[in-house]
Amino acid sequence: MTSTTVAPPATAAPVAQEKVRRGWTQHGLLFVAPFLLIYLAFLVWPTVLGFRMSLSSVNIAGGNNHLVGFANYAEAFADPRMWRSLWNTLVFTVLSTVPLVLLGLGFALLVHHLRFVQWLWRLSFFGPFLLPSAVVSLLWLQMIYPPDYGLINGTLGTKTLWLADPSVAMWSMVLTTVWWTVGFNFLLYLAALQSIPQHLYEAAAIDGASAWDKLRSITLPLLGRTTALIVVLQLLASLKVFDQIYLMTAGGPQDSTRPIIEYAYDVGFTGYRTGYASAVSYILFVLIVIVSLAQLRLFRKRAEVSS
Amino acid sequence: MTKRFSFSQLVLLVVALALAVVWLAPIAWAIATSLKPETETTKVPLQWFGSEITLDSYRLVLDTGGIVKWAINSTVTTVIVTFLTVLFSAMAAYGFARTQFRGQRALLALILAGIMVPPHVLIAPLFAEMVALGLVDTWWAIILPQVAAPLIVYVLFKFFQDVPPELEQAAFVDGAGRWRVFFTIVLPLSRPVLAAVSIFTFITTWNNFLWPFLVSTDPNTMTLPVGLANVVQGTFGLRYAQIMASVVLAGLPLLVVFVLFQRQIVRGVAHTGLAGQ
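These protein sequence lines map, in sequence, to chains A and B.
For any residue, its number in the working numbering is found by taking its place in the first sequence, counting from 1, and adding 34.
One point on numbering: in the working numbering, the residue at position 9 of the second sequence is 6, and numbering is uninterrupted.
No wet-lab data here; the hints were simulated from the structure.
Just so you know, these numbers come straight off a predicted model, no measurement behind them.
Built from N, CA and C at the ideal position, the CB exists for glycine as well.
Keep in mind that a hint or two might mislead.
[Claimed, not checked] When the alpha-carbon atoms are kept at most 25 angstroms apart in a straight line, the in silico SDA-like pairs for lysine to any residue are as follows:
| hint | chain 1 | residue 1 | chain 2 | residue 2 |
| --- | --- | --- | --- | --- |
| 1 | A | Lys274 | B | Trp137 |
| 2 | B | Lys40 | A | Gly191 |
| 3 | B | Lys40 | A | Asp199 |
| 4 | A | Lys193 | B | Ala25 |
[Unchecked claim] With beta-carbon atoms standing in for the labels, derived distance ranges:
| hint | chain 1 | residue 1 | chain 2 | residue 2 | range |
| --- | --- | --- | --- | --- | --- |
| 5 | A | Leu71 | B | Pro185 | 47 to 55 angstroms |
| 6 | A | Tyr306 | B | Gly174 | 52 to 60 angstroms |
| 7 | B | Val19 | A | Arg250 | 23 to 31 angstroms |
| 8 | B | Ser48 | A | Thr192 | 25 to 33 angstroms |
| 9 | B | Leu186 | A | Thr304 | 44 to 52 angstroms |
| 10 | A | Leu101 | B | Gly100 | 29 to 37 angstroms |
| 11 | A | Leu101 | B | Val19 | 52 to 60 angstroms |
Based on the provided sequences and hints, a complete structural model is requested.
Dropping the structure here:
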């Protein structure tokens, strides 16, 4: 799928002249070499090594390194905690993606149409995205979610156990995540809105279109491609959820929030079964590759349109 | 400048204000708590202001905590990651977009395929590799894997492809070599896209948690997020005002930078998020 995105021969002609003049064939490789070395060492090699580990009984100290074939995968597929964590990850992904995309769009439409103090809206809605996950987790864990003196219950007069009730905890994780990360989608939508040509709206206004007509028949259709991209980026981000859940509930209560990356971390780094942890990771890897293929298709379409 | 202040604008303004208040409330609550005397932080019913406004918590956190050290570690590692990522990615992207060499297509395909590899699933093998290289608890363990960012190469590759070759031709005629052309013509020309990519890399690196968390167990090499995670796990006990002071100190730098460089950051995130549109 990648071969079609490789350099088109458009630049070949001027380059060909130079080829005659100097031995630049090595030059090209020299440009690529520094990145390539790091890339091979710290991305390609670990990918290969990780697959090899997933077929082995290796532990975190590197001992007991025997090939066991697909035994780890067979064990993972029969492991209820693996399924639970995979299920939690999928639930989190669906629950978080819907509000993150819709709110991102809503905020962007609102801010795009407002004429006053743009910096304030951008800071309000995008600001939380700039906070490290540990900051967000500490804040929500210690001062927002506590049942009695926490900001939410304290303001609303409710008694919800945000983090201790297994039926509520996942929603709490979604709520924190939406607050923290919606700004990214908000910015992407805002950029897309600003690139819609103004004359389309002027033409529609001459035809007597209402604000609602313009939104429905100009804005939303033209945002289609951006929406597709944002949905895919959001799915990829949500499938990888770890930080805030690990830091706020450590996967509890009763495994109700533990995502699959945390399960892989638990069995690998605290349970010392690195081979098994790699197999669990590679199950998620397959899911992410499927979503990424959709992403690459989108990028390619975008590239074709722009060229 | 003074456009009509219509009724619909007023409605939008009220809605936006309400939402902004909700969205900023957690941050405001952190700041308010950090300014209270420790004994008044968990009062019920809630009070936004304590009996006095005090900076004691900040003083204690700065004096006793590792927060200054972690901030320095974060700054140094993030600056190095950003610099190396942008330099190496730009060189690679230029190599792919503007020169030809044996195996080019295969290598580019390999790098594009890497966009699909989520670093999160590589923690076990990467950790094993760092142990083998003896890099655990060093800055290099934090830095090197983050420089291997194929998405950045892709974004810059797309950009360099669209740079008109004529701009370079004149310099070639004057006898400049590939490297001169790259550093004196192409890079300066690409300043906006390089800024966008740098900002994006800076934010994601500064906030990265899982990988630095795994490879720094020594408080002396920890980054800010990792150091704070230790705070989550209880070093500060139940001193909420101090915890919130740490939260404010750790969260404020990027927010201040955002207020100062809003335009560039918005463009940087949007640009890179949309992958070099």
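Going down the list of hints, with the structure as the test:
no.: 1; hint: A/Lys274 to B/Trp137; in the structure: holds (24 angstroms)
no.: 2; hint: B/Lys40 to A/Gly191; in the structure: holds (14 angstroms)
no.: 3; hint: B/Lys40 to A/Asp199; in the structure: holds (23 angstroms)
no.: 4; hint: A/Lys193 to B/Ala25; in the structure: holds (22 angstroms)
no.: 5; hint: A/Leu71 to B/Pro185: 47 to 55 angstroms; in the structure: violated (26 angstroms)
no.: 6; hint: A/Tyr306 to B/Gly174: 52 to 60 angstroms; in the structure: holds (53 angstroms)
no.: 7; hint: B/Val19 to A/Arg250: 23 to 31 angstroms; in the structure: holds (27 angstroms)
no.: 8; hint: B/Ser48 to A/Thr192: 25 to 33 angstroms; in the structure: holds (27 angstroms)
no.: 9; hint: B/Leu186 to A/Thr304: 44 to 52 angstroms; in the structure: holds (50 angstroms)
no.: 10; hint: A/Leu101 to B/Gly100: 29 to 37 angstroms; in the structure: holds (31 angstroms)
no.: 11; hint: A/Leu101 to B/Val19: 52 to 60 angstroms; in the structure: holds (55 angstroms)
Going down the numbered hints, you'll see the structure goes against just number 5.
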